[in-house]
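Number of protein chains: 6
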Amino acid sequence: MKVITFGELMLRLAPEGYLRFVQADRFAATFGGAEANVAVSLAQFGVDAAFVSKLPPHEIGQLAVNSLRRYGVDTSYILRGGARVGVYYVEKGASQRASKVVYDRAGSSVATASRNEFDWQKILAGADWFHFTGITPALSDELAAACLDACRACRAAGITVSCDPNYRKNLWSLEKAGSTLRELMPYVDVLIANEGQAADLFGIRATGSGTPGVGKPDPESCAQVAAALAQEFGCRQVALTMRTSRTASDNDWSAMLYSGGKSYFAREYPVHIVDRVGGGDGFCAGLIYALREGFAAQEAIEFATAAACLKHAVEGDYNLVSVEEVRALAGGDGSGRVQR
Amino acid sequence: MKVITFGELMLRLAPEGYLRFVQADRFAATFGGAEANVAVSLAQFGVDAAFVSKLPPHEIGQLAVNSLRRYGVDTSYILRGGARVGVYYVEKGASQRASKVVYDRAGSSVATASRNEFDWQKILAGADWFHFTGITPALSDELAAACLDACRACRAAGITVSCDPNYRKNLWSLEKAGSTLRELMPYVDVLIANEGQAADLFGIRATGSGTPGVGKPDPESCAQVAAALAQEFGCRQVALTMRTSRTASDNDWSAMLYSGGKSYFAREYPVHIVDRVGGGDGFCAGLIYALREGFAAQEAIEFATAAACLKHAVEGDYNLVSVEEVRALAGGDGSGRVQR
Amino acid sequence: MKVITFGELMLRLAPEGYLRFVQADRFAATFGGAEANVAVSLAQFGVDAAFVSKLPPHEIGQLAVNSLRRYGVDTSYILRGGARVGVYYVEKGASQRASKVVYDRAGSSVATASRNEFDWQKILAGADWFHFTGITPALSDELAAACLDACRACRAAGITVSCDPNYRKNLWSLEKAGSTLRELMPYVDVLIANEGQAADLFGIRATGSGTPGVGKPDPESCAQVAAALAQEFGCRQVALTMRTSRTASDNDWSAMLYSGGKSYFAREYPVHIVDRVGGGDGFCAGLIYALREGFAAQEAIEFATAAACLKHAVEGDYNLVSVEEVRALAGGDGSGRVQR
Amino acid sequence: MKVITFGELMLRLAPEGYLRFVQADRFAATFGGAEANVAVSLAQFGVDAAFVSKLPPHEIGQLAVNSLRRYGVDTSYILRGGARVGVYYVEKGASQRASKVVYDRAGSSVATASRNEFDWQKILAGADWFHFTGITPALSDELAAACLDACRACRAAGITVSCDPNYRKNLWSLEKAGSTLRELMPYVDVLIANEGQAADLFGIRATGSGTPGVGKPDPESCAQVAAALAQEFGCRQVALTMRTSRTASDNDWSAMLYSGGKSYFAREYPVHIVDRVGGGDGFCAGLIYALREGFAAQEAIEFATAAACLKHAVEGDYNLVSVEEVRALAGGDGSGRVQR
Amino acid sequence: MKVITFGELMLRLAPEGYLRFVQADRFAATFGGAEANVAVSLAQFGVDAAFVSKLPPHEIGQLAVNSLRRYGVDTSYILRGGARVGVYYVEKGASQRASKVVYDRAGSSVATASRNEFDWQKILAGADWFHFTGITPALSDELAAACLDACRACRAAGITVSCDPNYRKNLWSLEKAGSTLRELMPYVDVLIANEGQAADLFGIRATGSGTPGVGKPDPESCAQVAAALAQEFGCRQVALTMRTSRTASDNDWSAMLYSGGKSYFAREYPVHIVDRVGGGDGFCAGLIYALREGFAAQEAIEFATAAACLKHAVEGDYNLVSVEEVRALAGGDGSGRVQR
Amino acid sequence: MKVITFGELMLRLAPEGYLRFVQADRFAATFGGAEANVAVSLAQFGVDAAFVSKLPPHEIGQLAVNSLRRYGVDTSYILRGGARVGVYYVEKGASQRASKVVYDRAGSSVATASRNEFDWQKILAGADWFHFTGITPALSDELAAACLDACRACRAAGITVSCDPNYRKNLWSLEKAGSTLRELMPYVDVLIANEGQAADLFGIRATGSGTPGVGKPDPESCAQVAAALAQEFGCRQVALTMRTSRTASDNDWSAMLYSGGKSYFAREYPVHIVDRVGGGDGFCAGLIYALREGFAAQEAIEFATAAACLKHAVEGDYNLVSVEEVRALAGGDGSGRVQR
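So the sequence lines, in the order shown, correspond to chains A, B, C, D, E and F. Residue numbering for the first sequence follows the working numbering, beginning at 598 and increasing consecutively. Residue numbering for the second sequence follows the working numbering, beginning at 598 and increasing consecutively. Residue numbering for the third sequence follows the working numbering, beginning at 598 and increasing consecutively. Residue numbering for the fourth sequence follows the working numbering, beginning at 598 and increasing consecutively. Residue numbering for the fifth sequence follows the working numbering, beginning at 598 and increasing consecutively. Residue numbering for the sixth sequence follows the working numbering, beginning at 598 and increasing consecutively.
Keep in mind that the hints were calculated from the coordinates and are not lab data. Incorrect hints may appear among the rest.
Pairs involving identical chains hold if they fit within one copy or between any two copies, as the list cannot separate such chains.
As the list claims (entries may be wrong) - EDC-like cross-link-like pairs, simulated, lysine to aspartate or glutamate; straight-line CA separation at most 20 angstroms: (1) LYS697 to GLU921; (2) LYS599 to ASP671; (3) LYS859 to ASP797; (4) LYS697 to GLU922; (5) LYS766 to GLU656; (6) LYS813 to ASP930; (7) LYS766 to GLU613; (8) LYS599 to GLU890; (9) LYS599 to GLU613; (10) LYS813 to GLU613; (11) LYS773 to ASP716; (12) LYS599 to GLU829; (13) LYS773 to ASP849; (14) LYS773 to ASP746.
Every value quoted in this text rests on a predicted model; they were computed, and no experiment measured them.
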């Protein structure tokens, strides 16, 4: 049985170290994209994971495909065609200087793909889980329709669907995102979000709390919001990530899972950041792994939170950590002692 | 008095050394574009050169602007707006393995600019030379119109116009290129081309020669073609470059100038290639410099040819060589002895 | 209206990452110098800034000039001549290991320039602010005289003068520095220093405090010292930086401004250091910007302190941050969240 | 139908550029090995290729596996176990300075594997071609036995076997190599060697020629030797490579194929060397591709020779070129003109 | 008078920055090994230090020798022969992600050397101190015998012997390590260990404490353990290091010395880690230096602890810090202020 | 018995690959200087070689010392003091673009040393050969005097003296060089020069030849010049290098030796240049080695010429090649075949 994720894979161009964009004269060239990141992380966990997308037939498209093959992701459902690989530029922040991302993704092969290029019957054969984020339907109306097609096919085939709304303001308005995602939510079994997105996209807020998404997340508020999301959309499980950004170098990181009517909170990790991008995707992969493996709720949220914690210490979008490493951390060893 | 060039400036991403695209995990990030290359080369010659274009307001756009400021090009006429910096990927060939270029330039700020964003009265004030290549009108109908506007303004103001047709098959068809360029040619005082382009774009061929653009260029054919071009379009001077590609590592390079009814041939250089891209632009800059300085025809073509020869030994698009270096080579010293 | 800064620009050679000098086999090659750093920072803020100096005509001198042009500094007043570009080697410290700087600046073009090479009438035309640091007069008696010339020309023309004493023990003795600077101080409108320098150079100390410059700066002492400096030299404003070095990796950073008889204290930032060099210059540039823009005293010191705080997160001497970034931090957002 | 290759994959450590070993403080880390190189090259040609070997379960073993997955090689038959990844250090020569290889491969996982770990029935299912080189049986008696097992299984299943004797003096003596290979030869359908190896290993020499393997290979001698090899071992086809080493930077490269009682000679290429290692493996892959595709003999040897020619212009062991690129060169275009 | 250390020197291969092994495509190539690290650190302190080992005659062996010569270590007693340089791969951890070491040292030249290749009479002539760690006898029975030979020769010649048990589970079992080391201990004058090793190897535990080696070391327990070790083995001095691993990025570091029947505790340093490997070796070198110089016990343990603290801020195995730097830190200046 | 060389060691800063100075943002940092280069090359040949100079006590001075220790040169006679390490910037040329060197060596520690800091009695004890070049006396009158002191001490002690005039126009005039060197020549046993220097410095020209130093050296002229030099200065042997610079990438290289009244010519090598600097020093070292080993004249000049040929294929100033490598080339194998 395998996991399918669907979205865009972009070339990620990053200046070396802590150089700013205007200082750059070379870029580290890796690849990333929310759903591809989830597939790669799952493959590191030993899961049979496939990524669905479209990439141009030229060498840069091939480089993108190879970045997934290298880490064991099944790329046989990636369509080849269209004109370009989307690009995103990322500048790593430090201390009080924030990280910056400049997107150059319009017109990419997948963003210009049409709904019926994706044969979901064939793609989903042998799958038991389908994951997408709000970025995919944001790329084009055709892709939003493709997401709906996929969700329906999953529902028909009894395949679990997970979704992270992952709102990107450069891609669509809150209004369009809210209405599009509301159409997809009924098919989503496992919803992964945070307090801010619940408020902004779906108008779901805890009573009496501060501004959602600002400052330290409040467990009580999160519990309320998760329960409300589960009720509103009929999700089996709702997970909320709980990040506190102290500076660009230091964050606190935790998460909770609402399952079976109860809220389970993971321990909180003080993280010294190597690469912040893809933390949420690492969380999604951890949660998918844990739930597919049948972990109990507390164990599942600890695993997913530890996986995402480790992501912050890995360069690039991909969370290249093993099940053993995640288990060790979730089991309490965050000492970072040398493993010989 | 200054020189104005008009076109697109792209981010140039190149794997290190001789690595192929599929081996790359970092890219050297420089900038280039035919007309910008000419401006940079002229600035190295001490000429007051300005580049006209449009670049996005974000940091990657700024990085592009800075790449020109660094080398002394006046960037005050570059509009800031639009969405993206065009990108081109270049893989350096060697021996029998050809260099490869993958363009990703559609939708760039300048390609989506409109004709009337460019205020030629203001831009051309104080200029005595205007240079563009066939790439600029190929980017969009609006830019083709902007080129025409610029040419007309030059004619009115007595500003010399030079053009290199620089045909790019990914941008437009030979038919569209031919018809668009034919409209612009009457304004061109100095035309810089090669035998292959003369044949393909304008149907001008030497009698009895082989396939133009294949194998060693024939001086006699070049003389015929240059004369025919001068006559057809009323150009004051026509220069043809004469390249023989032996392998990706070794070329022979020469050029000729038709001026005042006579053909002048430069010496031929065997070049060991460091970076092949921008050789033609280095030639244009050399010729513009020489003609503006009032060099005699033979001296002018020797200078331009030597300038382009040196470009093949400089990394990146920009021909970062001085007048003294060009003069030394044109004057006969190609020994490459260490200058202490 | 523009800002003029005057001093030396040096080649800065730094081993990669945290390598020590004796481990180096390549050096990052950037440029820096207190006054040039201020000019670059101001140019990033959109200010018309020019740097005055002297650099050799050879390619290394050109590389230095280009490092300024790239970031938009006006280099047209830089004289070209003399023999060498001063060099400084910097090794980045971490944790308890201190950063190290080895200077090799004797005999540089500017240090061997003579007073009358600088035509202040011409240079200062169109300027409303002149900035120098104590390093410039320390380089030679001729440059000290040139500083005096510049200061007098500013006084005559109503141009504001700012100065950071910036004592360097390798360049001159405390005695010589004190006497030379005392001659210049009467022309200084805005003095930027710290408690240690006030004590060492001018013998101005707060009553009953500990050793100035050691441990956590005391606000009360700073207020006293600033007031005393303002009174002694008749400065319009006096700013003192307040740094606490916990380790080479972590500092606390704040500052205060004495203006109109009152002391204004900025918030204190815990900084995780990327590059410590140029922090004070970033502060000077922030203060000059704020005062030229007419910020109120509290707003001005918050802006300058935030600017310098951000400098600690930027590689190299130059503080490559925008007004928007400084304002965001001064306005309270130090969370370092990713800006997409 | 797929191609199976069997051998060792080593970590290849190379100083940057033309640095000598004693100058190195970093190594480019790629992977290579004669049979893996063939698999990678075939995968670039679109062939379904699998590589059989054994690698340790730790991360360096995984890095080796990933180097193959990245380029599309099926790694599902690679056993995981044993202690180490073999290493080879390579220093790139230039001009009269020869390239150097230092092997550190003893005790690698595959060299210490036992014969019966390889289940040839399962591995060869669905295959139509099996390739190995003399390096594999040289690694251990167990691997020699495994080669014999594989050959017998191929014979039984009608799978074509190709072999390149690839003698390495550090691994075994000429005597042991000769006797071991003689045992395997009867199963080899396609033999790929050169004049020197035919003489050294099998005592087969052309009449009246000079020292085999020294100086310019003589076509007549090659024809004699190939015919003798075919007769001696009953091979369907024998190919001989014909290299002339002028310097470490420049070689002449050609090859011939003896098939159906006739000798076919490819054109000779003057190659400017980027990376010399893996040239012969690139030839093997080219020949396997051509013969599997049913090319006529002349076409086949031209294709294989052109493939190997291109390998000399690709960094690393792997010949990352496409069928289209090989065809273009074999078809006569070695001009290296930029492909846009 | 000189110090002799005896052990293995390995090639250390590390991905750049914080990259994981599976992301690596180049490795920083330095050298390290516990005893060589001590020799290098001593040489930086101005001590005449020689390293005894065996390395292959090829260029990689030479590179290893050169890494020591570069830093002033006497390499004239290094035997040249055998087959390989041991390799170890190290991946730098960060935050909760632990550092990883993969050893590939079996079969190295020194591990396959025989006891009587080492002529201790000659080697120890002119020496007053001999240092080894438990790694050397772990490499082979022959080397264990060689250690015994060396210890006996030292006892006979009145040369001080120091030893750090340095247990490596990949090299030998606790049982074998315990019994082998017990045989050597009677010759050890200065023992350097930690609480965990005392318990695991020698069964020496403090009464009523927690698990030795886990969590924050307890001074009282350390005092007990050190006294017990001194009594058990008749050591003149016993030093115990006291590390608290908070994360892979942040540790607390201290140590104590038991001497003359009393325990001396150094101050504790919060260290922000640049490179964790070699910290213990830096401590050994610091202690050897201090004791040879005749420092009082408190001064000695402060010096050794400060030396090791600084090691955490130096890249690579070698602790490249001077006596002046260690003294400054031991004397209280951990502010990391820039040294100009 | 050992060889002593005396001169300056400079930090050599070179942009990466073929980048021009104005493109550089990092420099490879190695060290070089004519006499140090000779010492390093001799040490690679197994000769006991010491280098005499003066370097500052700071870390950059130490880095310079370490660059020699690493390659086995005895640095115990290097004085530590003075202010700076001389610097030279080198830009690698290619094809028709010449290499460039910018010197920044004035005021270096050795150039400001005084004559009596060098205790030649002590330095020359145990030496049988002393080598210097014309650069050393050019640095200062004090160093010229020190050279004279050294020469006289050699004559008294029967130590062979070799000298390469190595004229540098930036350091002194031809007149001053000629007169200073003429004073030293009577002590020189082995003179190493070229036709151009013989003419420019000493006015010694072959009859009827072209301009010395331009174009292809003529054997007959060289024989005449060498004989004349030997006669004029009473040298035992005179060697002349014979370089033909075709381009910056390709040179022809040969040399001759006049000894015992006869001229011996080495074979000529076509060299593809990796690094041109230090070729002459490689020749000197080769000749010193060969003559000290008692090679016959023809064998000696072949060895020295082959050594220098190989230098052109080694990065940096130092000729890091072994006796075996030189012998192989001198013996006729210039094929550059991979050495496994």
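### Query
Which hint numbers doesn't this structure obey?
3, 7, 9, 10, 11, 12, 13
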